[in-house]
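Colleague: Chain residues, written in single-letter form:
2 protein chains.
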Amino acid sequence: MKLTGQNFIAGKLSGRGTETFMAVNPSNGSKLTATFQEATKKDINEAISKANEAFEIYSQKSGNEKAVFLETIADEILQLGDVLIERCCSETGLPAGRITGERGRTMNQLKLFASLLRDGSWVDAKIDTAIPDRQPVPKVDIRSMQKPLGVVGIFGASNFPLAFSVAGGDTASALASGCPIIVKAHPSHPGTCELIAIAINRAIEKSGMPNGVFSMLHGTSVDVGMGIVKHPLVKAIGFTGSFKGGKSLFDTANKRKEPIPVYAEMGSINPVFILSNTLKENQNEIAKGLANSVTLGVGQFCTNPGIVFVNKTKDYSKFIGHLAVNIQEVEANTMLNSGIKNAYESGVNHLKSKNKVTILSQGKENAEGYRGSAYLFETTAKNFLRKDYFEEEVFGPSTIAIIADSKSELIESAKKLKGHLTASIFGTDKDLKDNIELIKILEQKVGRLMINNFPTGVEVCHSMVHGGPFPATTDSRTTSVGTGAITRFTRPFCYQNFPQELLPDELKDSNPLNIWRLVDNEFKK
Amino acid sequence: MKLTGQNFIAGKLSGRGTETFMAVNPSNGSKLTATFQEATKKDINEAISKANEAFEIYSQKSGNEKAVFLETIADEILQLGDVLIERCCSETGLPAGRITGERGRTMNQLKLFASLLRDGSWVDAKIDTAIPDRQPVPKVDIRSMQKPLGVVGIFGASNFPLAFSVAGGDTASALASGCPIIVKAHPSHPGTCELIAIAINRAIEKSGMPNGVFSMLHGTSVDVGMGIVKHPLVKAIGFTGSFKGGKSLFDTANKRKEPIPVYAEMGSINPVFILSNTLKENQNEIAKGLANSVTLGVGQFCTNPGIVFVNKTKDYSKFIGHLAVNIQEVEANTMLNSGIKNAYESGVNHLKSKNKVTILSQGKENAEGYRGSAYLFETTAKNFLRKDYFEEEVFGPSTIAIIADSKSELIESAKKLKGHLTASIFGTDKDLKDNIELIKILEQKVGRLMINNFPTGVEVCHSMVHGGPFPATTDSRTTSVGTGAITRFTRPFCYQNFPQELLPDELKDSNPLNIWRLVDNEFKK
Numbered sequence: 001m002k003l004t005g006q007n008f009i010a011g012k013l014s015g016r017g018t019e020t021f022m023a024v025n026p027s028n029g030s031k032l033t034a035t036f037q038e039a040t041k042k043d044i045n046e047a048i049s050k051a052n053e054a055f056e057i058y059s060q061k062s063g064n065e066k067a068v069f070l071e072t073i074a075d076e077i078l079q080l081g082d083v084l085i086e087r088c089c090s091e092t093g094l095p096a097g098r099i100t101g102e103r104g105r106t107m108n109q110l111k112l113f114a115s116l117l118r119d120g121s122w123v124d125a126k127i128d129t130a131i132p133d134r135q136p137v138p139k140v141d142i143r144s145m146q147k148p149l150g151v152v153g154i155f156g157a158s159n160f161p162l163a164f165s166v167a168g169g170d171t172a173s174a175l176a177s178g179c180p181i182i183v184k185a186h187p188s189h190p191g192t193c194e195l196i197a198i199a200i201n202r203a204i205e206k207s208g209m210p211n212g213v214f215s216m217l218h219g220t221s222v223d224v225g226m227g228i229v230k231h232p233l234v235k236a237i238g239f240t241g242s243f244k245g246g247k248s249l250f251d252t253a254n255k256r257k258e259p260i261p262v263y264a265e266m267g268s269i270n271p272v273f274i275l276s277n278t279l280k281e282n283q284n285e286i287a288k289g290l291a292n293s294v295t296l297g298v299g300q301f302c303t304n305p306g307i308v309f310v311n312k313t314k315d316y317s318k319f320i321g322h323l324a325v326n327i328q329e330v331e332a333n334t335m336l337n338s339g340i341k342n343a344y345e346s347g348v349n350h351l352k353s354k355n356k357v358t359i360l361s362q363g364k365e366n367a368e369g370y371r372g373s374a375y376l377f378e379t380t381a382k383n384f385l386r387k388d389y390f391e392e393e394v395f396g397p398s399t400i401a402i403i404a405d406s407k408s409e410l411i412e413s414a415k416k417l418k419g420h421l422t423a424s425i426f427g428t429d430k431d432l433k434d435n436i437e438l439i440k441i442l443e444q445k446v447g448r449l450m451i452n453n454f455p456t457g458v459e460v461c462h463s464m465v466h467g468g469p470f471p472a473t474t475d476s477r478t479t480s481v482g483t484g485a486i487t488r489f490t491r492p493f494c495y496q497n498f499p500q501e502l503l504p505d506e507l508k509d510s511n512p513l514n515i516w517r518l519v520d521n522e523f524k525k
Numbered sequence: 001m002k003l004t005g006q007n008f009i010a011g012k013l014s015g016r017g018t019e020t021f022m023a024v025n026p027s028n029g030s031k032l033t034a035t036f037q038e039a040t041k042k043d044i045n046e047a048i049s050k051a052n053e054a055f056e057i058y059s060q061k062s063g064n065e066k067a068v069f070l071e072t073i074a075d076e077i078l079q080l081g082d083v084l085i086e087r088c089c090s091e092t093g094l095p096a097g098r099i100t101g102e103r104g105r106t107m108n109q110l111k112l113f114a115s116l117l118r119d120g121s122w123v124d125a126k127i128d129t130a131i132p133d134r135q136p137v138p139k140v141d142i143r144s145m146q147k148p149l150g151v152v153g154i155f156g157a158s159n160f161p162l163a164f165s166v167a168g169g170d171t172a173s174a175l176a177s178g179c180p181i182i183v184k185a186h187p188s189h190p191g192t193c194e195l196i197a198i199a200i201n202r203a204i205e206k207s208g209m210p211n212g213v214f215s216m217l218h219g220t221s222v223d224v225g226m227g228i229v230k231h232p233l234v235k236a237i238g239f240t241g242s243f244k245g246g247k248s249l250f251d252t253a254n255k256r257k258e259p260i261p262v263y264a265e266m267g268s269i270n271p272v273f274i275l276s277n278t279l280k281e282n283q284n285e286i287a288k289g290l291a292n293s294v295t296l297g298v299g300q301f302c303t304n305p306g307i308v309f310v311n312k313t314k315d316y317s318k319f320i321g322h323l324a325v326n327i328q329e330v331e332a333n334t335m336l337n338s339g340i341k342n343a344y345e346s347g348v349n350h351l352k353s354k355n356k357v358t359i360l361s362q363g364k365e366n367a368e369g370y371r372g373s374a375y376l377f378e379t380t381a382k383n384f385l386r387k388d389y390f391e392e393e394v395f396g397p398s399t400i401a402i403i404a405d406s407k408s409e410l411i412e413s414a415k416k417l418k419g420h421l422t423a424s425i426f427g428t429d430k431d432l433k434d435n436i437e438l439i440k441i442l443e444q445k446v447g448r449l450m451i452n453n454f455p456t457g458v459e460v461c462h463s464m465v466h467g468g469p470f471p472a473t474t475d476s477r478t479t480s481v482g483t484g485a486i487t488r489f490t491r492p493f494c495y496q497n498f499p500q501e502l503l504p505d506e507l508k509d510s511n512p513l514n515i516w517r518l519v520d521n522e523f524k525k
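Same order as they appear, the protein sequences are chains A and B. Read in the UniProt record's numbering, the first sequence has 268 at position 268, and its numbers run on one by one without any break. Read in the UniProt record's numbering, the second sequence has 55 at position 55, and its numbers run on one by one without any break.
It is possible that part of the hints are untrue.
Any copy will do: because identical chains look the same in the list, a pair fits if it lies in one copy or spans two.
[Stated by the list, open to error] Straight-line C-alpha distance at most 35 Å; calculated DSBU-like pairs for lysine-lysine: (1) Lys415 / Lys42; (2) Lys257 / Lys382; (3) Lys61 / Lys416; (4) Lys312 / Lys257; (5) Lys206 / Lys445; (6) Lys247 / Lys433; (7) Lys387 / Lys41; (8) Lys255 / Lys230; (9) Lys433 / Lys508; (10) Lys230 / Lys244; (11) Lys139 / Lys416; (12) Lys230 / Lys354; (13) Lys418 / Lys244; (14) Lys61 / Lys31.
None of these hints come from the bench; they were simulated from the model.
Isolated chain A, as found in the complex:
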């Protein structure tokens, strides 16, 4: 399949711009074929206008119709076959096994939202029927449900070229909600983006959706992204990436004449706490698991454990020793692009330059392409409590052990933490009973708290919360993974005194969709 390098605007290709760029293979620094064209202002306007036109039609589609559409996208992605896997591997340096797995996850996400739509109860239907003879005033009939917001702009992540990119979690949830989307293609894997765009356009055609429901724009500068965020017809933004990028979109969106919500999933260092008894009993197993979690995917996960708090008991040094050995054995694998590799090196060098921070071990080195060596640092909790830079994300395969002299230092360190996506506590039953206070503190700091689990590996399910207090995200009230992500793109809407025939099916007395509803204070189907 030959790539065009063009922008996809409501089913048509557009290559009217003059600025171009090429994708780079991070495993060797070579340029990959196809010249990609940066979207022009006209491209941005056209894509968004078409999306807004499509909204009128698409927002009225039934849950079943949207479900078929999402399932067809999943099918079409699979139909792309090995071309997709190969292109994605060469653009990201990630191994074929990982990309194949991620394709599976991407398809499952789309299918999960399809099943949510078929079930239909997600709209949160509430019905309060009329009581005409109520005193002192009659009660009128009032019904409400969730409705889509309008055109959504989506910024994919470089580290999940399929699961959080053109047809990733934000796309699946926004399309499920009934919103058309404009995707800003990630310049780190533009060919992968184009292939997925082809699959989505085929699905649009097969399932009879309006073309404007999907557009994809290329761009290496911030102009294309800012053009989307500033456009008055765009009503919400989904973003996964750096703090700097996310915060800048958030600030821009809030300065608009009509501010709009920005759901930015930004940096997180996912603190891990290892309590004293488990340190004694499971030191080997935890050290091995932790080293694996730190270096998985060359450490390029939002949930990568970047900081590990350990109580300085007599078993502590053995645990740290095991961890150091495990880190030392890790191969230097290819990172996603030169920018990420350089930022990782800067982050590592920043820690190296600090007083009272020691390097405990370093993984293998390899000069070929953009590779990142694993690192294990160490400092004291006293130092952590004094300095603020330990919570800056070092995106890559490194972590720092923070050694606490006492339980109270551990508690103080937990209290000092900013918002993160996750925290993990490793402990025996006794450890956990002795550390209820720590659990309560961490509940205020993160979106997901784990016991004896490593943070990497995010289950896509109803109960997942992939979010957390600022600065982990710009909106702690939401999740970007799992079915809960759909309500980021909806708002409640209320019908008062409507005749039955003008109500949507979700709110009709006969409940034709057989969904769960709160009817006169009773939850029923």
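Following the hints, put chain B in place on chain A, whose structure we already have.
Modeller: Positioned in the frame of chain A, the structure of chain B alone reads:
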């Protein structure tokens, strides 16, 4: 009961400031007894620190404990007796019947949230149990529910001195969610605020809640309010009032180092559309109802119908004639304060000064105190489509009839509308069938759409949406009236691989609270 005029900080009185003010009786301009003390910076800090300390305890209270607390507040408000009604009437100029009714609504709001807490299902509990033998990777146990955000700052409205003030809707929903509150007392009814603060403090004592769960600060300048919004320990803001006030809090909150959500319910002019057949059949009844809705409470409702679109059929002039007569007969009643009265006069004079805007009728006049005369203006839809000032809220008993020469002018006018809280359509069955497009357009513009109902009178129930697209509110994804208001102050939180005994009751296998939960994709109790 003698008023102290002091600030209420976590159960203690504070009058350390030097700036003071007095309440004014708007019916005659006289000052009312008690000198109120503006909160100092120290007061603000102390109140918020105490609230943050209280959060640790209060956020762990059970639904039943919080329900008892809310019900006790309601009881204590009633126990204040006629003192409350009298003070409130003299501070607002509103009649005793209205204030007594509003007290009932305020108590009902508190009790509605209490019943929501006793039911318990509002926490949106989701459970995905483990599948240890799942391939290719095991599935771990994941559970999530809503958790409170932290300290909430609340800004009451002048127009609902009870139902949207110290113990109003924002207070009821924030306290129900598990968040401590800092209320900025409205300087237009500070004595009413103090009485309610006394009732809340009595309820805190009786139901054994931590004192820090409630503080109330006085202030006439913006400093006190901004001090609350800027404080790093405050995690969300509830506001009801003007666009200028709400937007300024929103902007300030977004410029914080840690941005926080601001739920500002701001201006709205609640467009009404009157379709042709009903204009013929029900002109008298609609004219009477509309005049009543426009002038109810001296037009000082967020849902006041400030703009009425009418199709220029042959019945139009008769309808307008009826409306004009009805408006003409309305007494000039006392407005809430001199500021509101002056702003109303400016708004009316602004419309009077415009070309192609005619005064169709004026209500009675009365020079005593701060009274507002009713007004009915008229202009053409062509003029509405050309000018932007018709959507500026004129807060008071006035409305403007917009005369459309054709159905397409009506549609274009609807398309031009900004975001509002409500819209109403009056029509016969035939009218409605002929105007599906209008209904679809208005669905994008408001939070609540009514058929043959006037917008004033907001039912407090599960399905109510009192919200809407910007600029009606700063967050269209929420409602400030009805039980849905609770989730403004919560975020989803996820427990992974937790032992049963460490899970909150809401998420334990045994479901001890007997709440509705989504368990392995099935809704059940």
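Colleague: For a quick check of understanding: which of the numbered hints are violated here, in increasing order?
Modeller: Of the numbered hints given earlier, those the structure breaks are 6, 14, listed in rising order.
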